[in-house]
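**Q** Next come the chains, spelled out residue by residue.
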Amino acid sequence: MKLVWKLLRRHISLPQFAGFFFANLLGMLIVLLSLQVYRDVKPIFSEEDGFIRPDYLILSKRISALNAIGLGSVNTFSEREIRELESQPFAKRVGAFTASKYKVSCSMGIDGVAQIGTEMFFESVPDAFVDVDLKKWHFSEGDDFVPIIVPKTYLAIYNFGFAQSQNLPKLSEGVVGMVEMTIAMRGNGRNEYIKGRVIGFSTRLNTILAPESFIRWSNERYAPEAEAEPSRIILEVSNPADDAIVNYINGKGYEMEDDKLDAGRMTFFLRLVSGIVMLVGLLISLLSFYILMLSIYLLVEKNTEKMRTLLLIGYSPARVALPYQLLTIGMNAAVLLITACMLCWLRTLYLQRLHTVFPQMTAGSVWAALLLGVALFVIISLANALIIRRRINRIWNNKS
Amino acid sequence: MNSIVLDNTLPNVFLGRGDTKSDIWRQQVTLEKGKTYLVEASSGTGKSSLCSFIIGYRKDFDGSILFDGTDSRKLHTSDWTQLRQRHISMLFQELRLFPELTAMENVEIKNSLTGFKTRKEIEGWFQALGIADKMQSPVRLLSFGQQQRVAMIRALVQPFDFLLADEPISHLDETNSRVMAAIMMEEAHRQGAGIVTTSIGKHMDLPYDKTLCL
Numbered sequence: 321m322k323l324v325w326k327l328l329r330r331h332i333s334l335p336q337f338a339g340f341f342f343a344n345l346l347g348m349l350i351v352l353l354s355l356q357v358y359r360d361v362k363p364i365f366s367e368e369d370g371f372i373r374p375d376y377l378i379l380s381k382r383i384s385a386l387n388a389i390g391l392g393s394v395n396t397f398s399e400r401e402i403r404e405l406e407s408q409p410f411a412k413r414v415g416a417f418t419a420s421k422y423k424v425s426c427s428m429g430i431d432g433v434a435q436i437g438t439e440m441f442f443e444s445v446p447d448a449f450v451d452v453d454l455k456k457w458h459f460s461e462g463d464d465f466v467p468i469i470v471p472k473t474y475l476a477i478y479n480f481g482f483a484q485s486q487n488l489p490k491l492s493e494g495v496v497g498m499v500e501m502t503i504a505m506r507g508n509g510r511n512e513y514i515k516g517r518v519i520g521f522s523t524r525l526n527t528i529l530a531p532e533s534f535i536r537w538s539n540e541r542y543a544p545e546a547e548a549e550p551s552r553i554i555l556e557v558s559n560p561a562d563d564a565i566v567n568y569i570n571g572k573g574y575e576m577e578d579d580k581l582d583a584g585r586m587t588f589f590l591r592l593v594s595g596i597v598m599l600v601g602l603l604i605s606l607l608s609f610y611i612l613m614l615s616i617y618l619l620v621e622k623n624t625e626k627m628r629t630l631l632l633i634g635y636s637p638a639r640v641a642l643p644y645q646l647l648t649i650g651m652n653a654a655v656l657l658i659t660a661c662m663l664c665w666l667r668t669l670y671l672q673r674l675h676t677v678f679p680q681m682t683a684g685s686v687w688a689a690l691l692l693g694v695a696l697f698v699i700i701s702l703a704n705a706l707i708i709r710r711r712i713n714r715i716w717n718n719k720s
Numbered sequence: 213m214n215s216i217v218l219d220n221t222l223p224n225v226f227l228g229r230g231d232t233k234s235d236i237w238r239q240q241v242t243l244e245k246g247k248t249y250l251v252e253a254s255s256g257t258g259k260s261s262l263c264s265f266i267i268g269y270r271k272d273f274d275g276s277i278l279f280d281g282t283d284s285r286k287l288h289t290s291d292w293t294q295l296r297q298r299h300i301s302m303l304f305q306e307l308r309l310f311p312e313l314t315a316m317e318n319v320e321i322k323n324s325l326t327g328f329k330t331r332k333e334i335e336g337w338f339q340a341l342g343i344a345d346k347m348q349s350p351v352r353l354l355s356f357g358q359q360q361r362v363a364m365i366r367a368l369v370q371p372f373d374f375l376l377a378d379e380p381i382s383h384l385d386e387t388n389s390r391v392m393a394a395i396m397m398e399e400a401h402r403q404g405a406g407i408v409t410t411s412i413g414k415h416m417d418l419p420y421d422k423t424l425c426l
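Respectively, the protein sequence lines represent chains L and S.
Under our numbering, think of the first position of the first sequence as 321, with each following residue one higher.
Under our numbering, think of the first position of the second sequence as 213, with each following residue one higher.
This is chain L alone, in the form it adopts within the complex (with noise of 0.2 Å):
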């Protein structure tokens, strides 16, 4: 093997390998990159607060001085209005917002002892459209135990504004989901009390949610007779980026939650830049794919006689070929590995970045880049060995 190494080795140009050799680093480099920073900052636009997902849209009805004095239109949405709604082609699926229609007030307190109480209200939307551990989000009749999440901004409101200037201590997210309150329901002539415990916090959506098993029985309960059209809609669409939602929602009066669309936007915006840059990359890996075969072909055409007279002595054209063949997978391999340290030291560098903006969030892994990346590597190793053991069958057929 050695000798047939010492062979073989002559005519390798090394401009032409050092060329093939950079521009797979670069082409790699660039494909693997644009898939980890895709990934790294998708959670930013979409999975802040692991909630809602970007492609949930929120729709209610625009509130009118009329509706405020009890005229002009309902702002509920009609029975006949969500099948409308659920039959557009952008709606993957559609669900109601169920509010509370009875008095609801809540106190919170430590070792049983009272400190603060407020009037509130819940609503709920269908358990599907949430995105926390559903093991924790359930709700059966007779437990007497409610899941409850509520708007980050709340919390921000009692630490800042407050608790501040009423002396009180402030409280992290932690702390509140290990206050238990006391949720009190009054209707239909029943006034009864439940346990209740903060197990999450939204920062997008904007109320308070309990599980909608919950509301079902509760409404039932404490309010049988009142009309249960919900006032707001969650919507799952598979592209927010699309025109025709806008001109839809528009064309009805209706109103949206405006961020989630350019959250949705922006993630669209984001997988379409990464997308052609890691299609540049491809390109330039295509195209030092190319180098290298030239090189090969041009390597093999020099040294064709020696081949040859190596098979006419008895060495099979796997072995003739086996070589070149380790020769390519080992600069592949060490592309590979090249690659993968440039791009987690890249890593760090932007994820340094975008820390100091963005210090709550948390990065996607680096193993999807990676497994594109030995992909790649074997795709191209695989090509390579098959394209040379092609030229030597070439040569053993006399073809060359």
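A hint or two may mislead.
To be verified - Pulled a few chain S residues facing chain L out of the computed Cβ check, cut under 10 Å:
1. Gly228
2. Gly268
3. Tyr269
4. Lys271
5. Thr293
6. Gln294
7. Arg298
8. Arg308
9. Leu313
10. Lys322
No lab work stands behind these hints: they were computed from the structure.
By construction, the Cβ of each residue, glycine as well, lies at the ideal position given by its N, Cα and C atoms.
Since the structure of chain L is already known, use the hints to place chain S on it.
**A** Chain S only, in chain L's frame:
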């Protein structure tokens, strides 16, 4: 392998010619293991073509060549590799040495494939053929006669049933060709192999069983 049969064989380039007078072309010839053959020919009668057909380098011939009754056209790549490694050894007229390797490396590249001879045996042959001092020299710096001897040693470092030697002594003097003939015969005897040498005039002094005119 015990026999090579040339059955009605003719190079394709001779197909148009009507007046083929030959002991081999268009004849049924059996080359047997253990026997020694001399193929005499003048230039252009297809001597090297015959060797190329047998070793499987070229297939542009009519008729067939049978190894122990198996048509050579039916052999697969792996069969040919086995055949070249263990059954038929060839000393090429154009030698086919690797100019960038030393004389010893040219032999070793074959011996590392077959693992047939020890380094000592190989050195003994270099000694006997009077090129021991050239073992570590790049083979391109050797004279053609010296290169012929290196090629011969390379042809012997494998097991074989037949040794094809295409003009093995064209550039050797009497003494060296006698030494080479002796080494060749000794190795062929040891292996019980047949020898087929070709010549266009000057030929090796061997106890030929049969002389064939091409």
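**Q** Of the hints stated earlier, which fail here?
**A** 1
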